[in-house]
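Asker: Sequence:
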Amino acid sequence: MSSRSHPVLDLDPQVVRTARRLAKKAGAPVVKLARTHTTVSVERALLRMAGLAGADAERVPWVNHLVDAVRSDVGIEHGVAVPVWDALLRSEAPDLLTLAQKASSGAVRFRLPEGRDGQRAATAARRAAAGGIRTIDRRRTERDRLIKRLGDAPRRPWIYLIVATGDIYEDIPQAQAAAREGADVIAVIRSTGQSLLDYVPEGATREGYAGTYATQENFRLMRAALDDVGKELGRYVRLTNYASGLCMPEIATLAGLERLDMMLNDSMYGILFRDINPIRTFVDQRFSRQVHARAGIIINTGEDNYLTTADAVEAAHTVTVSQLMNEFFAKEAGLEDWQLGLGHAFEINPEIPDSFRLELAHALLARTLFPQAPLKWMPPTKHMTGDVFRGYLLDGFFNLVGAMTGQGILLVGMMTEAVVTPFLSDRDLALQNVRYVLDAAGGLAEDFHPPHDGFIQTRARQVLSEAVELLDRIVDDTMLEAIADGTFGLMKRPADAGKGLDGVAKRDAGYVNPAIDLLEEGATR
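Under this note's numbering, think of the first position of the sequence shown as 68, with each following residue one higher.
Mixed in with the good hints, there may be bad ones.
Stated by the list, open to error - Quick list of in silico lysine to any residue cross-link-like pairs, SDA-like style, CA-CA up to 25 Å: (1) K398 <-> R361; (2) K559 <-> T375; (3) K566 <-> P96; (4) K99 <-> T85; (5) K92 <-> R592; (6) K398 <-> R592; (7) K215 <-> K92; (8) K92 <-> R102; (9) K449 <-> K398; (10) K449 <-> Y236.
Stated by the list, open to error - Distance ranges between label pairs, derived from CB positions: (11) F522 <-> Y236: 13 to 23 Å; (12) F490 <-> D544: 25 to 35 Å; (13) A576 <-> D378: 32 to 42 Å; (14) R247 <-> D378: 48 to 58 Å.
Note that these hints are calculated values from the structure, not bench results. This structure is a prediction, so every number in the text was calculated from the model and none was measured. The C-beta atom is built at its ideal place from N, Cα and C for all residues, glycine as well.
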C-alpha cells in the first residue's frame with residue numbers, strides 16, 4: 068500500500084512514535100516468554116516439517132504419538148529433535164513413520180544422548196527439517212511465478228469471500244463460482260471447535276460444522292481447485308485458512324507446505340474467545356508467524372472480534388492497541404509490512420448519530436498508522452437484524468468506507484449475515500454490491516481529505532490518545548495482567564488457566580529445535 072493512494076490524517080508524529088515505543092515495551096516480556104518456552108504443537112510442527120504425516124486407525128496423528136512418547140520418557144523441555152533422531156541413528160526404526168508407529172505401542176524408549184551422540188542427532192534433525200523449509204521456499208517461489216504468469220487481482224482492495232459448507236467437495240465448486248463472480252481471496256472457514264482440538268485431523272473431510280476442517284489434504288485440494296479457476300480467469304486467486312487454536316504452529320507449517328496465501332493469525336483471539344492459555348498462545352503464535360514470514364503468507368488479525376463483545380465506540384482504542392501489539396509481535400517474528408493484514412470492523416450501532424463518520428475516522432486511523440499494511444476491513448455483523456434491505460444498505464456503506472479509506476482486503480458482507488448460512492444467491496448479490504461501489508467510487512480515496520480540525524480528524528486523534536494511555540497502563544501492569552483483567556473484548560483470561568496449559572514447557576538450557584534455528588537464521592540447510 069502506498070500512502071499516496073489514500074487520504075492521511077494529521078496525526079502528531081510524536082504521539083505515533085510513543086504508541087509504537089509503548090507497544091514494543093509491552094510486548095518485550097511476551098517475546099521473552101515465547102523464546103524461553105516450547106509447546107507440544109511447536110514440537111509436532113518440527114516433525115511435520117521433517118515429513119511425518121498420517122494418523123492411526125483411530126485418527127490420532129503420528130506426530131502426536133511420537134511427541135507424547137518422547138514427553139513420557141524424557142520430557143519436551145529439551146525439544147523432541149535430539150531424542151527422536153538419536154533413536155533413528157540407533158536403528159530403532161528406518162524412518163520417522165515407523166518410529167512413530169513403534170512409539171505408539173511402547174516398543175521404543177527415548178533418551179537424551181550427550182556428547183558426540185547428541186551432536187549427531189541434532190545434525191540429522193536439522194537436515195530433516197531443512198527439507199521442509201526448502202519445500203516452503205519452493206512453494207513461495209511457485210506463488211510468485213504464478214502471479215507473474217497469470218496476473219494478479221485487478222485492483223485493491225482485494226475482495227475476500229468465505230465458503231463454509233463443512234464438506235471440502237462442496238466448498239470447491241462454491242469457491243470456484245465465487246472466483247468467477249469476482250472474489251480475489253477465498254477463505255475456507257474452519258469447522259466449529261477445531262481450534263480446541265490438540266491435534267490436526269487427517270485427510271479430506273466431509274463432516275465439519277459451520278465450516279470445514281483444516282487439514283493438509285483439504286489445503287491441497289482447494290489450492291489445486293483455485294489454481295485451475297485462476298488459469299481459466301487469467302488471475303491468481305488467493306486461499307485463506309486459520310492458523311489459530313491449539314495447533315497453530317502445525318497448521319501454519321501445513322499452510323506453508325501447501326501454498327496458502329493468507330492465514331487468520333491473531334495474537335490474542337484464542338486467548339479471549341476460545342479460553343486457550345495465554346502462554347501457550349504466545350509461544351505457538353511466535354513460531355507460526357516465523358513460518359508465515361518464511362512462506363510469504365499474509366496474516367489476518369482478529370481485532371474485529373473485540374467489537375462483537377465490546378462497544379465499538381467505547382472500545383475503539385482497544386482495537387488500535389491490539390493492532391499495534393500485533394504489528395510488534397509480527398515484525399519481531401520476521402513478517403514484513405505487506406504481510407500485516409491487521410483487522411478492524413464496521414461494527415458501530417447504526418442508530419448512533421454520525422455512526423458513518425465515526426466508522427470513517429476509525430478506518431482512516433488504522434490506514435494512517437499502518438500505511439504499508441494490507442488492512443483487513445470486516446463487515447457489520449453485530450447490528451444485522453434480519454432485515455435484508457437494511458443489511459444490504461449497511462453493507463453498501465461498509466464497502467464505501469473501504470473504498471474511501473484505501474483498505475487492502477475487503478471481506479464481503481452478506482445481507483443475511485448472522486441470520487442463516489448464506490445461499491449462493493446471497494453471495495452473488497453481495498459481490499454485486501462490492502463491484503458497484505468499487506467501480507463507482509474506487510478512486511474516491513484520492514479526493515477525500517477531511518479537514519484538520521473536523522469531526523473525523525478529531526475523533527481519530529482522540530482514539531489514538533486513548534490507545535497511548537492504555538498502552539502506558541499495560542506497560543506498568545504487564546500484557547498478561549491486562550488480558551487477565553478483561554482489557555480486550557471484556558474477556559478475563561488469567562495466565563495460569565485456560566486450555567492447553569499442560570502442553571507448555573520451559574525450555575532447558577540444552578533445548579534444540581532445528582526448525583526454529585533455520586527460520587531465525589534464514590537458512591536452507
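Asker: It remains to establish, for every hint, whether it holds in the given structure.
Answerer: Structure-based check of each hint:
1. K398 <-> R361: 12 Å, holds
2. K559 <-> T375: Holds, because 15 Å separates the two Cα atoms, which is no more than 25 Å.
3. K566 <-> P96: The given pair, whose Cα atoms are some 21 Å apart, holds under the 25 Å limit.
4. K99 <-> T85: OK: K99 and T85 at ~22 Å, within 25 Å.
5. K92 <-> R592: Distance of about 34 Å is beyond 25 Å: violated.
6. K398 <-> R592: 24 Å, holds
7. K215 <-> K92: The hint is violated at about 40 Å.
8. K92 <-> R102: 16 Å, holds
9. K449 <-> K398: 31 Å, violated
10. K449 <-> Y236: Distance ~31 Å between K449 and Y236 Cα, so the pair is violated.
11. F522 <-> Y236: 13 to 23 Å: 50 Å, violated
12. F490 <-> D544: 25 to 35 Å: 47 Å, violated
13. A576 <-> D378: 32 to 42 Å: 47 Å, violated
14. R247 <-> D378: 48 to 58 Å: 39 Å Cβ-Cβ, so the 48 to 58 Å window is violated.
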